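Asks: The primary structure of each chain is shown beneath.
There are 2 protein chains.
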Amino acid sequence: MSDFQAPLRNIRFTLFDVFHADQMWAANATLSEVADRSTADAMLEEAAKVTEQVVAPINRSGDEEGVVWNEGKVTTPAGFKEAYSTYCEGGWPGITGNPEFGGFGMPKALGAQIDEMLYASNSAFALYPNLSAGASLAIEAHASEALKAVYLPKMYAGEWTGSMCLTEPHAGSDLGTIRTKAEPLDGGVYAITGTKIFITGGEHDLASNIVHLVLARLPGAPKGPKGISLFVVPKINVDEQGALLESNTVSCGSIEHKMGIKGSATCVMNFDEAKGYIVGEPNKGLMYMFTMMNYERLSIGIQGLGCGEMSLQSAVAYAKERRQGRAPTGAVEPETYADTLLVHADVRRMLLTMKSLTEAGRALSTYVAIQLDTAKYADQPEEKGRAVEMVALLTPIAKAFLTDMGLDVTVLGQQVFGGHGYIREWGQEQLVRDVRIAQIYEGTNGIQAHDLLGRKVTFNRGENVKLVAQEIEAFVADIKSQGLDPYCQALMVGVTNLVALTDELVARIDENPNELGAAAMEYLHYFGYIMYGYMWLKMAVVAEQKIIGDDGFYQSKLDTMKFYFDRVFPRTSGLYETIRAGFDSMDVNVDWL
Amino acid sequence: MSDFQAPLRNIRFTLFDVFHADQMWAANATLSEVADRSTADAMLEEAAKVTEQVVAPINRSGDEEGVVWNEGKVTTPAGFKEAYSTYCEGGWPGITGNPEFGGFGMPKALGAQIDEMLYASNSAFALYPNLSAGASLAIEAHASEALKAVYLPKMYAGEWTGSMCLTEPHAGSDLGTIRTKAEPLDGGVYAITGTKIFITGGEHDLASNIVHLVLARLPGAPKGPKGISLFVVPKINVDEQGALLESNTVSCGSIEHKMGIKGSATCVMNFDEAKGYIVGEPNKGLMYMFTMMNYERLSIGIQGLGCGEMSLQSAVAYAKERRQGRAPTGAVEPETYADTLLVHADVRRMLLTMKSLTEAGRALSTYVAIQLDTAKYADQPEEKGRAVEMVALLTPIAKAFLTDMGLDVTVLGQQVFGGHGYIREWGQEQLVRDVRIAQIYEGTNGIQAHDLLGRKVTFNRGENVKLVAQEIEAFVADIKSQGLDPYCQALMVGVTNLVALTDELVARIDENPNELGAAAMEYLHYFGYIMYGYMWLKMAVVAEQKIIGDDGFYQSKLDTMKFYFDRVFPRTSGLYETIRAGFDSMDVNVDWL
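Taken in order, these protein sequences are the chains called S and D. In our numbering, each residue's number is its place in the first sequence (first place is 1) plus 3. In our numbering, each residue's number is its place in the second sequence (first place is 1) plus 3.
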């Protein structure tokens, strides 16, 4: 397979030319202290190096070898330990962490680019630091100062990693039914007892300690989601200075054998009166989880993007090398036995589809990351409030749409390789297997769709959809380019229909709550294609401005934008009809399914 | 995972109620000799038994264990040898074989149902007999009587298997460039020298001999596809009575490590002046391959169907068992901790999408199989000629559309399982991995699309598309049911657009041959959805007739038909727009892909 090459030019184009992240940082009281263009550039280059040279080379071997469980110990594949150590030496685990506790305090807009490189180079490896980042985030946002002071510096340094212990055998999407118990002991300590499954990084050999964030019920807690609390449960107990003491009664019962991300340990974790420390207040555990889920869900969306980027890189390289058949208009290289795959329109269709989805995905993830930064750091309450709304609305789209497109893109990338795409040595099939989980974990994409159309859209009567619609409308109204006219028009038809669909669905759901689940997934996809169209117009406007003296890069943005609107965006037409069909066609006798 | 249950009621519904295959057999001079309803019923039941009880149980273990190569010998997974032997005792390898040489002479319409059960229960296992069937077909159609007499009885008995040696390292989709050589020796024997890759069942331990059908070039043969001849090359040389002699100089250099179908040996085969026997006339090898490819391509389409059927069965069973969340209209089973997945509209969406695609796929594969039987056995030349046209047109659709839908269906089936879908023990992820190859081998789906819009549609100026359009139009005109009216109308809009699109594309391709590749894949999908709509109306008409006294089976056909038209068929709208976009949006500088 091709070596991973960090798409730095595309990343810079997105981050700085399209979204002017550096200007946003400069204007912000907190971020201007830590982030500017040259720091960011240097970090992007360093991240490119470590992912290209250290993390990518153990991607395929890690898949072949997998993690191994032996009497509760989990061994990661050869090279993971050394790579993780190099990664931590670079300070990467703490890149967006709170500087008060040793983090770099970098904006998520930058962190998102590093996430992409990490997932693209090795998704299984990426999960260890990314789960830690999620756990640190929850601790940073909700735990006591004492807990933060003990745990965060070690976690930002990568010395300890984190895990999120939510799922139980009978409770996956439906966390309200979890049964793990927390009994209060003396001195603010709790005894945690229960079994958690599908715990990514629950046990491994990369770090000296693992910090489990565990959802559990206190005695007498209300039934359902409002009776769940959050606890920090270390693998090895620690004192107040963070020195390791005796082992806690936490054990890894087994690991799962999976379709992909085989270098990532997916553990069954048993807590047997393990010592735990409550995070924040009792019974608010699920709420706390949600505040950090926006970050985690974007991160998983970026897994879809990263795997797609890697698949695209390899497929383009293969299509340029592999010779098969002749151009339909006559041999392009008659001196060879055959032309390259690039002469075939069907191959271009696949590559351009991949490119149009991947680059729009990068733009959307960056856009959402900037909204997260605004929500966190904005000085003006109004700006902050708007960003909070946007994050809430766009996060399920970023998670589900980027991962659904990630599967489509990697399947296309595999197809470009023909038979070689099915063979392990070329690496394309691994990307399909690795990206597939991203549609499932961190809330299945069905759950994301439900969250979008239910909690995010219906609960506020579609007002926040209008917020997005107005933003797009204002942006499009400002475009003075005749060349972009047809695409502006196409997008505005889509936006108008989105608003109308939203109103229609809100009314329908009032009448029959089943209409929510019936429309949710297609609605999310419809919204996703609109957002990608918006992203492509944003990129196209910049490309038009920069096209003088272009080496081809900016023209390719305009070409890919056109391809997107001509050949991908029309999927909205079918979705529009399907969404309107409603629950009626699902109201069947399920015995005969 | 759930045990495989042969969908006999659905198979009988399709074969006899919808397509009246038994009436066609009774009216045909050849087929009436061998096939009738009761024989077919008995065979379907026996096939159900062997696939459920013998073949299915070694599906997952075969995936875990895989085939093993050791110094040229290939060992199949535990149980494959015994299962193959039981399978052969039942006479299944020769089910559609020529009775003159020991076959049962059964129609393909029946054979297609058995193929489905075989692929559904174990795709890797299914490939051994199915490749043999393809090789026998080529020998039966084109080899000398002497070769037939030696090889066919052994192959129909399953004592020997067959392989198709086409691909070479540099020649996959582009077979015209193959380099394997055939040097004439004395006595009508040829010395075959070359390397073939991706050879399914090229070497294994199931049978006492393997009959390789090898494409090679004779000295001085014309360059390109018109200089390729076909040879029978046995693994072990045989005398005229079929007794085994010394080994031939054929060896298996290695096997591929693949994403799926791990129990199937995919071999690199080396021919080192191996003894070969020409099939038919020199330089007609590719043409001979094409005559049997219609059968093989339908068979691979049925792999897509079979994997989808298995995924659907498991997903339905899981959704009925697994409890998560509550019905949005209030708890359905308040005495339990949660309702089953079936209460969620999004889960029903997935299951009904799977069902609507799977059952239409079964109908289409049966329809094409009947056309194959008509093309082969019809007494009237006109009927035969029409069937030949229909087979040519519909085969690429059956291969590509059934396998593309097969991936979509198995991905949905995996999604229904949530996290458990990603875990190997549940079997859902294996179906995704196993079905994925079906979009690639036997001519990639891109090649199928090219074949459809190029060789099949453009070459005869869309006349055969009109043949199909007229058939559908006549069928719809005959439907007198008001309940089916909206679906008839939707389908006829689609058919009218298909004919218009065809005319438009034929004209465009005349002007620029690149328009062919630019539209081919979406055109194939558009056509596929039309054919599935036609199939659903065919099923619905029968269901309406039988609905009195229904236990729910026929109502579920009507419900699923409605679901298909409401929620799947609208995809044609987006495809219609995309097809019309043309090559224009692919005419880009490929350096910047």
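Everything labelled a hint here was simulated from the structure, so no lab data went into it. Treat the hints with care, as some may be off.
Repeated chains share a single entry, so a pair holds when one copy, or any two copies, can fit it.
Below are the DSBU-like pairs computed for lysine-lysine, each with C-alpha atoms no more than 30 Å apart in a straight line [stated by the list, open to error]:
| no. | residue 1 | residue 2 |
| --- | --- | --- |
| 1 | 226 | 323 |
| 2 | 76 | 323 |
| 3 | 229 | 323 |
| 4 | 379 | 226 |
| 5 | 151 | 84 |
| 6 | 76 | 287 |
This structure is a prediction, so every number in the text was calculated from the model and none was measured.
Asks: All hints, please: hold or fail.
Replies: These are the hints, each one checked on the structure:
Taking the shortest alpha-carbon separations for residue 226 and residue 323, only the inter-copy value of 25 Å comes in at or below 30 Å, while the best intra-copy value is 60 Å. Taking the closest pair of Cα atoms, residue 76 and residue 323 never come within 30 Å of each other, the shortest separation being 45 Å inside a single copy and 36 Å across copies. Only between protomers do residue 229 and residue 323 lie at most 30 Å apart by alpha-carbon distance; the minimum there is 27 Å, versus 56 Å within a single protomer. In this assembly of identical chains, residue 379 and residue 226 lie within 30 Å of each other by CA distance neither inside one copy nor across copies; the values are 32 Å within and 68 Å between.
In this assembly of identical chains, residue 151 and residue 84 lie within 30 Å of each other by CA distance solely inside one copy; the values are 26 Å within and 61 Å between copies. Proximity of residue 76 to residue 287 under the C-alpha cut-off of 30 Å is found in neither arrangement, the shortest distances being 32 Å within a copy and 62 Å between copies.
When each numbered hint is compared with the structure, violations occur for hints 2, 4 and 6.
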